[in-house]
Amino acid sequence: MKKSELLWCVVPLLALIFHFSVGQKLLFAENAAAVETNGYLAEVEGRFAKAEALYVKALRVAHPADFPLRARLDVAKARVDIHTGDAPAAADQLERLLAKQSTASLPKALQTETQTVRATALYYTAFALRLLDSNPERWAAKAEEARTAFLALHQTALEHGSPETVEQLARALEAASKLLHYRDTEIAGIRRPPIAQATLERNAPARKLNLADESP
Amino acid sequence: MTQTLKSPLSSPPQRFRIKRIAFGALLLCALILVGTSAARFLRPTSRHSALKFQKNEPSVGAPARVTLSLDRPDYTATPDDDSAPMWVHIEKIEPKEDGSFLYHLSYAGMESGIFNLTDYLQKSATERLSEPVFSLGVRSAIPEDALYDFGDMAASAPPKVFPYSKTVGLLGALWLGWGVWLMRQRKLLQKEQADGAHPEDEASQDAADAGKGQAAHQQKLSDVLRLLVQKAALKTISTKDKALMEHILFLYWGKKLELDHLDDAEQLRRILDHEEAGELLRTVEQWLYQPAAAISAEAISETLEPYMQLDMKDLPELAADALRAVQSEKNLLAHA
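From first to last, the protein sequence lines are chains R and Z.
Positions in the first sequence are counted from 1; adding 107 to them yields the working numbering.
Positions in the second sequence are counted from 1; adding 25 to them yields the working numbering.
Calculated directly from the structure, the hints in this document are not laboratory data.
Virtual Cβ for every residue (Gly too), placed ideally from N, Cα, C.
One or more of the hints may lead you astray.
Said to hold, decoys possible - Here's a subset of chain R near chain Z, in silico, CB distances under 10 Å, partners left out:
hint	residue
1	Pro-119
2	Leu-133
3	Ala-141
4	Arg-179
5	Ala-183
6	Thr-263
7	His-267
8	Gln-275
9	Lys-285
Unchecked claim - When the alpha-carbon atoms are kept at most 25 Å apart in a straight line, the in silico SDA-like pairs for lysine to any residue are as follows:
hint	chain 1	residue 1	chain 2	residue 2
10	R	Lys-207	R	Leu-238
11	Z	Lys-44	Z	Leu-56
12	Z	Lys-117	Z	Ile-167
13	R	Lys-109	Z	Gln-215
14	Z	Lys-260	Z	Glu-323
15	Z	Lys-185	R	Phe-125
16	R	Lys-109	Z	Lys-191
17	Z	Lys-185	R	Pro-171
18	Z	Lys-117	Z	Asn-141
19	R	Lys-109	Z	Ala-324
20	Z	Lys-185	R	Ala-172
21	Z	Lys-212	R	Leu-113
22	Z	Lys-191	R	Pro-119
23	R	Lys-110	Z	Val-205
24	Z	Lys-281	Z	Ala-324
25	Z	Lys-117	Z	Thr-101
26	Z	Lys-281	Z	Glu-300
27	Z	Lys-212	R	Ser-111
28	Z	Lys-185	R	Arg-177
29	Z	Lys-117	Z	Ala-89
30	Z	Lys-280	Z	Glu-327
31	R	Lys-110	Z	Lys-216
32	R	Lys-132	Z	Lys-185
33	R	Lys-132	R	Lys-207
34	R	Lys-132	Z	Ser-190
35	R	Lys-110	Z	Val-193
36	Z	Lys-148	Z	Glu-119
37	Z	Lys-191	R	Glu-137
38	Z	Lys-212	R	Trp-115
39	Z	Lys-191	R	Gln-131
40	Z	Lys-191	R	Thr-144
Pulled out of the complex, with its shape left as it was, chain R reads as follows (with noise of 0.2 Å):
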């Protein structure tokens, strides 16, 4: 047998050995993507249920040890939780998310855009929370860490971001130093953000409040 019809032996145990390694996860990342992409057009698209459903699915296709896509995925699903109002869970998740060691050696963007998604989740948390209760003691904790968090966030942009991200985290720090800072007659009195009232309609942050309240 010649050298090359040797080589043409080994080629296809060599490729399984491949395929069978490292092609797992290349070939389930792959599969993800597509469902993935598919999520983010129905997000862009405004459809977040359909795109919540996606991200599940996705999460379920991707291989179980590709952490940087399922931190993704997780990313991208906690942010189409709130907009469907769930913005109590979104912000568990990303705690979670967050608390993990590996997450260190996530990006840096993903990890700048899970803690902001984190800190925007808060945020409405507290403001239905708000609403849904004048004591400060109820909603001034989340709010506080959400002004954290953003104020966090802006401090970095200041150094590393672009205009256009100092300027939105800018938005974000302002409107969130202003829920802590607003009386009660005041916040009544503004037009509420479609997403704070998704989460008051949900009603999650009372069930989240009742939990929190029996918890010792």
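Following the hints, complete the assembly by docking chain Z onto the known chain R.
Here is chain Z on its own, set in the frame of chain R:
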């Protein structure tokens, strides 16, 4: 004859005209500069509107730093109040050479507007500053009619993923193509080997097959000679083919005259000395290398006719060359 003199004032020389235009332009620029500066100073302003928002002013909630000089070192910041529209902290106080003190302050506004530090610095717990010392601006990043909504925090498009399936498919197709090519190469080689194999081996395998094989070889060697003659007649014969033709005859006569145990030079010398063989080789050589020689193709074809019946088993050394010559010719014909 009277001569009228032109007044220099009525028509100034060219260089004076240019100077006047340049002077006029300069004067106009100076007037514009003075006018705009004066308008800036003379514009009616109130105490607050004198301080315009600058781009580097902090937005609501964003902390900022400022340094100012005060006459005493014992000013303190007012205690933080959640309901106050701004907080101020003193970070450091440095004495200056002129007797005043440098205060490094940090502050953040909870509302947009212009704030006077008088309201946030005090001499003691009960005594506040009576005169305005400094004004700070805090801008709003959110337009007045906008909701406090972050819907504009748009999703980022998913990154491109390596097309694994397509790559695997492509590589698989390439691998199959490589396999087909290898198989074809192998078949060709086997065919070559079968065609060029020693007839004695074939004879030992099967007598009937050996007979057929000999016939095929015979046919091929005659094909080669005919082909070479045709090429020579058309003057398209290559140097390599000429050498092959001579080689066939040289080997044939070497074997026939039992000279193949001698070296090539000695063989050639003896063949040329031989009456029939020498005559033939000289004729062919003349015909091949001297195109002007008056020997027709028919004549040489007739001369070579006995050799057309040559069996390849007599000249096994030529088998591969002959086969290649025939094969390449067939390929050329197929392409044509």
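>> Need the list of violated hint numbers for this structure, in ascending order.
In response: 6, 7, 10, 12, 16, 19
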